[in-house]
Amino acid sequence: MRVQAGVDTEGGSLLVLRNMASYASAFEAIAADEINTMLAEAQAAIDDDRYLFCLPQFVVAGVRTR
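Once you know that position 6 of the sequence shown is 29 in this note's numbering, the rest is easy, because the numbers rise by one and skip nothing.
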């Protein structure tokens with residue numbers, strides 16, 4: 024297993040955040056006003072060049088033996 028981290032400092036991952044936010048909203052896990060505040064803060068960070076988004080990905084490979 025290895026861990027890879029995708030790092031974004033320019034805002035390309037905002038679509039990922041919006042998608043995650045849509046699930047949080049759909050399942051009522053986070054209040055809509057809180058989601059809107061978080062997304063607005065992310066957009067402001069992008070506009071001010073202080074945005075950092077890191078998404079870890081876990082990669083597992085296996086070998087089938089007979």
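What the hints contain is simulated information worked out from the structure, not anything from laboratory work.
Please note that a few of the clues may not be correct.
As the list claims (entries may be wrong) - Derived DEER-like restraints, expressed as beta-carbon distance ranges: (1) T32 with A52: 40 to 48 Å; (2) R87 with D56: 26 to 34 Å; (3) A28 with M61: 38 to 46 Å; (4) F81 with Y46: 17 to 25 Å; (5) T32 with T88: 41 to 49 Å; (6) T32 with A55: 49 to 57 Å; (7) V86 with A63: 27 to 35 Å; (8) V86 with Y46: 32 to 40 Å; (9) T32 with F81: 36 to 44 Å; (10) G85 with D56: 39 to 47 Å; (11) M61 with E33: 43 to 51 Å.
Beta carbons are placed, not taken as given, at the ideal position from N, Cα and C, and that holds for glycine.
So, going through the hints one by one against the coordinates:
| no. | hint | verdict |
| --- | --- | --- |
| 1 | T32 with A52: 40 to 48 Å | violated (27 Å) |
| 2 | R87 with D56: 26 to 34 Å | violated (50 Å) |
| 3 | A28 with M61: 38 to 46 Å | violated (21 Å) |
| 4 | F81 with Y46: 17 to 25 Å | holds (20 Å) |
| 5 | T32 with T88: 41 to 49 Å | holds (43 Å) |
| 6 | T32 with A55: 49 to 57 Å | violated (28 Å) |
| 7 | V86 with A63: 27 to 35 Å | violated (47 Å) |
| 8 | V86 with Y46: 32 to 40 Å | holds (34 Å) |
| 9 | T32 with F81: 36 to 44 Å | violated (22 Å) |
| 10 | G85 with D56: 39 to 47 Å | holds (44 Å) |
| 11 | M61 with E33: 43 to 51 Å | violated (19 Å) |
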